[in-house]
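Engineer: Here's the letter readout for the chains.
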Amino acid sequence: MKLVEKYLDKEGEGHIVLIPEEPEDMWHAYNLISEGDSVRSTTIRKVQTESSTGSSSSNRVRTTLTISVENIDFDTQACMLRLKGRNIEENQYVKMGAYHTLDLELNRKFSLRKQYWDSISLERIDTACDPTKIADVAAVIMQEGLAHVCLITPSMTLIRAKIDVSIPRKRKGFVQQHEKGLTKFYDNVMQAILRHVNFDIVKCILIASPGFVRDQFYEYMFQTAVKTDNKVLLENKSKFMLVHASSGFKHSLKEVLQDPSVMAKISDTKAAGEVKILETFYSMLQCEPARAFYGKKHVEKANEAQAIETLLISDNLFRCQDVNLRKEYVKLVESVRENGGDVKIFSSLHISGEQLEQLTGVAAILRFPMPELEDDDESEED
Amino acid sequence: MSRHRDIRNMDYSDEYEGYDDVYGHSIDDDYYISPSNRQFMYNRENSTRSSEDGIKEEDEVEAQLTDTEKLKLESCIDEINRILGSLNIPRIDLVDFVLTNKFDVEKAVSAILDDPKFRQTEQSERKEKAPVQPTTIQPTDPESVKVVASTPKTATNVTKGFELPQKDLKLNSTPRSQSPASGRATPVLSTASDGAEEPRIGKFRDTKFDPQQLYKKERGEEKEHLYMVVIGHVDAGKSTLMGRLLCELGQVNQRIMHKYEQESRKLGKQSFMYAWVLDETGEERNRGITMDIGRFQFETKTKSITLLDAPGHKDFIPNMISGAGQADVALMVVDATRGEFETGFDFGGQTREHALLVRSLGVTQFAVAINKLDTVSWSKERFDEIVNKLKSFLKHVGFKESDVTFVPCSGLTGQNLVSKPTENGLSSWYNGPCLLDVIDNFKSPIRPISKPFRLSVNDIFKGTGSAFCVSGRVETGTLSMGDKVLVCPKKEYAVVKSLSIDEIPKTVVFAGDQATVTLSGIEMQNVAIGNILCDPQNPVQVATRFQARIVVFNVTVPMTKGFPVVLHHQSLVEPAVVSKLVSQLNKSTGEIMKKHPRFLGKNTSAIVEIQVSKPIALELYSDCKELGRVMLRIGGVTIAAGLITKIII
Ligand SMILES: Nc1nc2c(ncn2[C@@H]2O[C@H](COP(=O)(O)OP(=O)(O)O)[C@@H](O)[C@H]2O)c(=O)[nH]1
Ligand SMILES: [Mg+2]
Chain A
158 MKLVEKYLDK
168 EGEGHIVLIP
178 EEPEDMWHAY
188 NLISEGDSVR
198 STTIRKVQTE
208 SSTGSSSSNR
218 VRTTLTISVE
228 NIDFDTQACM
238 LRLKGRNIEE
248 NQYVKMGAYH
258 TLDLELNRKF
268 SLRKQYWDSI
278 SLERIDTACD
288 PTKIADVAAV
298 IMQEGLAHVC
308 LITPSMTLIR
318 AKIDVSIPRK
328 RKGFVQQHEK
338 GLTKFYDNVM
348 QAILRHVNFD
358 IVKCILIASP
368 GFVRDQFYEY
378 MFQTAVKTDN
388 KVLLENKSKF
398 MLVHASSGFK
408 HSLKEVLQDP
418 SVMAKISDTK
428 AAGEVKILET
438 FYSMLQCEPA
448 RAFYGKKHVE
458 KANEAQAIET
468 LLISDNLFRC
478 QDVNLRKEYV
488 KLVESVRENG
498 GDVKIFSSLH
508 ISGEQLEQLT
518 GVAAILRFPM
528 PELEDDDESE
538 ED
Chain B
24 MSRHRDIRNM
34 DYSDEYEGYD
44 DVYGHSIDDD
54 YYISPSNRQF
64 MYNRENSTRS
74 SEDGIKEEDE
84 VEAQLTDTEK
94 LKLESCIDEI
104 NRILGSLNIP
114 RIDLVDFVLT
124 NKFDVEKAVS
134 AILDDPKFRQ
144 TEQSERKEKA
154 PVQPTTIQPT
164 DPESVKVVAS
174 TPKTATNVTK
184 GFELPQKDLK
194 LNSTPRSQSP
204 ASGRATPVLS
214 TASDGAEEPR
224 IGKFRDTKFD
234 PQQLYKKERG
244 EEKEHLYMVV
254 IGHVDAGKST
264 LMGRLLCELG
274 QVNQRIMHKY
284 EQESRKLGKQ
294 SFMYAWVLDE
304 TGEERNRGIT
314 MDIGRFQFET
324 KTKSITLLDA
334 PGHKDFIPNM
344 ISGAGQADVA
354 LMVVDATRGE
364 FETGFDFGGQ
374 TREHALLVRS
384 LGVTQFAVAI
394 NKLDTVSWSK
404 ERFDEIVNKL
414 KSFLKHVGFK
424 ESDVTFVPCS
434 GLTGQNLVSK
444 PTENGLSSWY
454 NGPCLLDVID
464 NFKSPIRPIS
474 KPFRLSVNDI
484 FKGTGSAFCV
494 SGRVETGTLS
504 MGDKVLVCPK
514 KEYAVVKSLS
524 IDEIPKTVVF
534 AGDQATVTLS
544 GIEMQNVAIG
554 NILCDPQNPV
564 QVATRFQARI
574 VVFNVTVPMT
584 KGFPVVLHHQ
594 SLVEPAVVSK
604 LVSQLNKSTG
614 EIMKKHPRFL
624 GKNTSAIVEI
634 QVSKPIALEL
644 YSDCKELGRV
654 MLRIGGVTIA
664 AGLITKIII
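Quick note, the sequences are listed as chains A and B, same order. Per my numbering: the first sequence = residues 158 to 539. Per my numbering: the second sequence = residues 24 to 672.
For reference, chain B alone in the conformation it holds in the complex:
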């Protein structure tokens, strides 16, 4: 494995200087690399099924191409993957399709869809090359393609009978060598050839299992699970809003609510009674502010939601970052009260920084609750005013207009939370969805369950007996009981003794879950917050130096080399130094404007080198979006967000 890594890194930096220009259109753009490098990359982003195929056979075909042809090929493949991403066609086949169809994407797509092989992607042995079948050309639009693509999946599952009996879920005890390789990021293919190089210590997971099927089996019946982080300036009413929502949904026991009411009144803080549902510690209640992420569970029509109530106060932004890092979607709460919105938004409030952070952490779906409308007599003008201000800001930050919803409400009085408003002032002009429906309407993000397993440790605590637990979000892949995991950066092995989600035992957990993992075979002090648990056969990289393409925010002093920063990477918070300013980039085109700039002012984009004081586990953004993002802060202010573009070992 490490051999591949080396080649990959070397090739990458030495031969393709121009790589930097191409990459860097906007912070979340997908990643383009030179064709000559592409074969060395695990293209996990697009092909969740066949990541390692690329390393082997394709170069023979591709080697005969000219440079321009190669480039054309790449863009065709990207396009096809965009359209047919869900099919996860091996690259080698894609190359064939593109070449036989003379770089015509549409033709290639139709050919693929007509190919019986890909109607059955789930089973087809990907070792053989796809027979090329140029067929009748149908204009395909992505919509119709998706339908076609999804049907065969289910169909094959049924016909081939891969529904596994429940007992088989203990993956280690029951190796299922008969099951065809139907795609994990470490599929049979790679084990067959790479396996020999790898030290097979202990029980590695049987690689021949299908996470997609397992997921369907385990979770198919359940409501889609979504993690939602609630953000916004301090005192915007986040905790109150959520507390009230939970009450309305019957998630909070009447008696407890009564108790909160009594107790908060005694303290003279009755207006915080709903907030107490989420602010549980005495410290938080006395001070009336949220300090660490509060978690709560509730259900909408089609979804099961885990709510993460983030602290709004500036000093607790590190906690907020770790909360937002675990979230799929975000709900921002703003205070509509005259003057208050302005404080939170214009005058150094957290509204802007939160939105920026959440976006930089990869959250794309966003709802804004315009709260406390009771204080402005449900004024439509006020609502519109705030919506307009936020709209242009959010667009600037990088949210798509279609991914942002605004909803008027009042947490304290409970208006427009779970049902249509009863207050005339509001119902007279608003008949859109209530908050709960807005939440229900969030699209479920794709769970990268077929990629190699990674979990970022967010908490470590003692379990029952001698064992200890770590908890955190499964970023990619799946994890089963009995699996062996590698704890990075220390590279220590551990075995999964048990798994649970919200105290409910599980045999397997998937990307997107926030799981608690009981580990054995490792000392508690050898695991730290911010560590990454990963698949030992497909580990993350470990380094102290890396390059990132960053966007510098509204800084008061410019960034130079030697700039000390606090690096946030998933749950990890480490001091670091910006050791080199490699180049300044044009913000919109990503072209290099200047090599070795003397400094980086506000709103600039650049490639910089970052040196961390001790090794950390990380990945290229191109390999794994989840572990390829970083955030730089200093003096309690977020100064830049970046994507890891090069790991220097």
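Chain A with its partners taken away, still in its complex shape:
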């Protein structure tokens, strides 16, 4: 993301102009924009024009609109961000107060105005505009008959393809059906890799599976590549890396990212870092449960006692529609930092962020044990 202009007053009100440059920036924008903010950008609008004779025709024109955002939609597959709201600035084509849906586009600047820019948002702008690029990693998590082709960017894990076919088992005297099924499966996976992995950007492709599936697949893929003279694959052969995973399900990615050989190769990706911290939290829960808290109430109590060493918090909590609730989470983060604690904001698109989200979205590793709190609120009961 490129920062074009930033104007904030003392109270934190103001606008920032940004240019999204890659799909990941749409995710950042999604996390920045809340309901009630106003966004100004160019867009296409269908306009009806009436000629002097009374016949009407409709034209598509590009115009710049400012809307007050009421609805935000993010399509993870296409990395598309769609904003819906009312027009709040005079415009030659669009009446004031008329609804418009604005799709943010790559390489087109937009201006975002907020009543209050909190520290979390400003921090995200810094992250998004950090020019040091961390290369993307692709991972294929597979088992016989099931494969997920994923793309791991700094803040997103995107499932690009899921291959799910049933392969007949080996039966005595009928091994061909099994082998045919397997070959077809491998071929599907290989096609998915070719379609979804951009070898110019991706510096490492992990093939992970239990048993010998990865070896067999790797062998198949490169035999085929030689046969069909597939330059792309052959030239990038060194980027492939075979790793163990216990299954072909998506959450096995966690194991893959923790594999020492992978960690060495892909250095410090955010995804791997998050896996590690969540793991630390769970280990603490096992060894010293009085130093591992989760849930808003409990974590806030721990924070009041200045006990939080590391706060794990999911970014979806800051996308909360309830402004006050959002403020409370921002305050929690700021307060933990003031007390010298570390804050890790998990991306809800990464594998451990998904898990954290299920675990109330907020957890903390404490400096010292605290008595376990009685669960007085049964509010989470449904």
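Please note that the accuracy of each hint is not assured.
[Stated by the list, open to error] The calculated DMTMM-like cross-link candidates involving lysine to aspartate or glutamate, where the alpha carbons are at most 20 Å apart (straight line), are:
{"no.": "1", "chain 1": "A", "residue 1": "Lys203", "chain 2": "A", "residue 2": "Glu262"}
{"no.": "2", "chain 1": "B", "residue 1": "Lys130", "chain 2": "B", "residue 2": "Glu97"}
{"no.": "3", "chain 1": "B", "residue 1": "Lys625", "chain 2": "A", "residue 2": "Glu436"}
{"no.": "4", "chain 1": "B", "residue 1": "Lys618", "chain 2": "A", "residue 2": "Glu262"}
[Claimed, not checked] The calculated label-pair distances, taken between Cβ atoms and stated as ranges, are:
{"no.": "5", "chain 1": "A", "residue 1": "Thr340", "chain 2": "B", "residue 2": "Glu365", "range": "35 to 45 Å"}
{"no.": "6", "chain 1": "A", "residue 1": "Arg352", "chain 2": "B", "residue 2": "Thr325", "range": "50 to 60 Å"}
{"no.": "7", "chain 1": "A", "residue 1": "Lys433", "chain 2": "B", "residue 2": "Ser523", "range": "45 to 55 Å"}
{"no.": "8", "chain 1": "B", "residue 1": "Thr325", "chain 2": "A", "residue 2": "Val383", "range": "34 to 44 Å"}
{"no.": "9", "chain 1": "B", "residue 1": "Ser415", "chain 2": "A", "residue 2": "Thr437", "range": "34 to 44 Å"}
{"no.": "10", "chain 1": "A", "residue 1": "Thr284", "chain 2": "B", "residue 2": "Ser489", "range": "56 to 66 Å"}
{"no.": "11", "chain 1": "A", "residue 1": "Ala462", "chain 2": "B", "residue 2": "Asn609", "range": "52 to 62 Å"}
{"no.": "12", "chain 1": "A", "residue 1": "Pro446", "chain 2": "B", "residue 2": "Ser415", "range": "22 to 32 Å"}
{"no.": "13", "chain 1": "A", "residue 1": "Thr284", "chain 2": "B", "residue 2": "Asn609", "range": "46 to 56 Å"}
{"no.": "14", "chain 1": "B", "residue 1": "Gly544", "chain 2": "A", "residue 2": "Gln333", "range": "19 to 29 Å"}
None of these hints come from the bench; they were simulated from the model. Keep in mind it's a predicted model, so treat the numbers as computed, not measured. Where is the CB? At the ideal position from N, CA and C, for every residue including glycine.
We have chain A; now place chain B with the ligands onto it with these hints.
Structural biologist: The following block gives chain B with the ligands in isolation, referenced to the frame of chain A:
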């Protein structure tokens, strides 16, 4: 049908909170539910004959009882069912018997046995109430009861002449409306009243047929069939042991064996020559490990055994689970070699996990082959040492001591496999049964053939022509050619075109069989591994959320809500999330220790809610043990086993 379901579920959760306390003594305990709920349950577990009677008439009588009386009544009925389970007396009659005998189980039992009606259970019209006959009291012990109970069955079969001519086996073409309702889980009773609500699409099976008789007719002459899974740490010698056993039994052609010997020698893997009998694919042979379940057939004196050679390697445990899920009994092989047993048992080996899994999958009979005794010069001390270690472990896992047998042997040298050992070192101190006799001594499990039909799909493949086949274990009930089945969770209908077991065509298959079913009327891509084929008139439930009473194993990190797991349910393997920790239970009493625990550590017991990513077909454990069990795994490790206690729709 669905109406009943709803009522059942609602009532269950809303009114009887305490249900959880009662249920949960040990993982395989039978299930207790409150009397007020009981009438809504198909009590398939105990009354294979009359499951749905309970829904109708009984409440009138029972409604007049006080709560304590109801409880007493329940425990009496449970007790009677335990003693007389094989008689399958309708609940309504049981209630009468218990009440007239003032909750005295013994009296009630004698009364039942004296009642001419139940001497003829097979034919009696169960609609009429049993005349109450308090008679002379004889102390009855279960043993003698069983004898009494089984005689009338055969007797009536003969006298009433229900032996069906062979052609009648095509059930659809020959409706036998004259045959009295002698008990299927969907008996005449229910069809008469419920039938109207049910869409009668296509040809449903004639419900008035008697699976027990059919079974006797079809299989009475044959040896009892048993599925045995062989488990144990990788390289314990499972494949070798079984390969050798098969050779000794003459199941493997001499010429083939010679070929294996030659070829394995060429590869420098001669020690694997017997294993090759079971490890058939090149992949398995080259790597010298079993990857998927190998199947083989052999016979003992009284039984016909299908052997399932399970892969021992950690990565292939999912295959092992699907193998063990189909098995009746298990044979565990351990390597007696010094250090090796310890690796397999103590240091993260698969011995423990396998035993745990097999037990959690419902296998209760277990034999342990202490293998490779040749490497420790047939040492008795070593044998005893291992036996003692395993004994206490297996007891802990939940096997009854009387259900576990230990047998010393060596697969490679063939000692004590099919006959008494010839090796002095062994015969000097061992004169128990050889492996084959141990296998022969396994008790045959009861086949729940009178329950509604269910088959879990374990394999799907193309048949001849346009048709395709599924194979899997018939968990409960029976299935005949021409039957209509419902494929769940998609709820698509299909028709059974043909049936076979081990490539031999059949007209009917029964619970416990591993059958291949050729289906028509459904697209191949609409059937997936893990699907359940069931009786359309009595289908399984479909849901994405359920509660289970679980036992957490030796986990390295505690389970919390939001924990991602891999769910194993029969042949199904699906990602799932532990969405809620409902309560932590006392492991031995099953009482609630804590509501909404923050986490579950190792060796705890709890009720949790599980959310599956897409709908699955399942049943309450109380309704159907076979489809009521789940296994949770993560990172290649089994972290918990559970029983489904509530289905959330
Ligand atoms: N000395 C000895 N070696 C055995 C015996 N049984 C198996 N083995 C060896 O143990 C190795 C593993 O055997 P295998 O049957 O593949 O084990 P599995 O992984 O449990 O199926 C092979 O090299 C066998 O030759 C035995 O009774 N004595
Ligand atoms: Mg083997």
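Engineer: Okay, which hints does this one fail, numbers in order?
Structural biologist: Structure breaks hints 4, 8 and 11.
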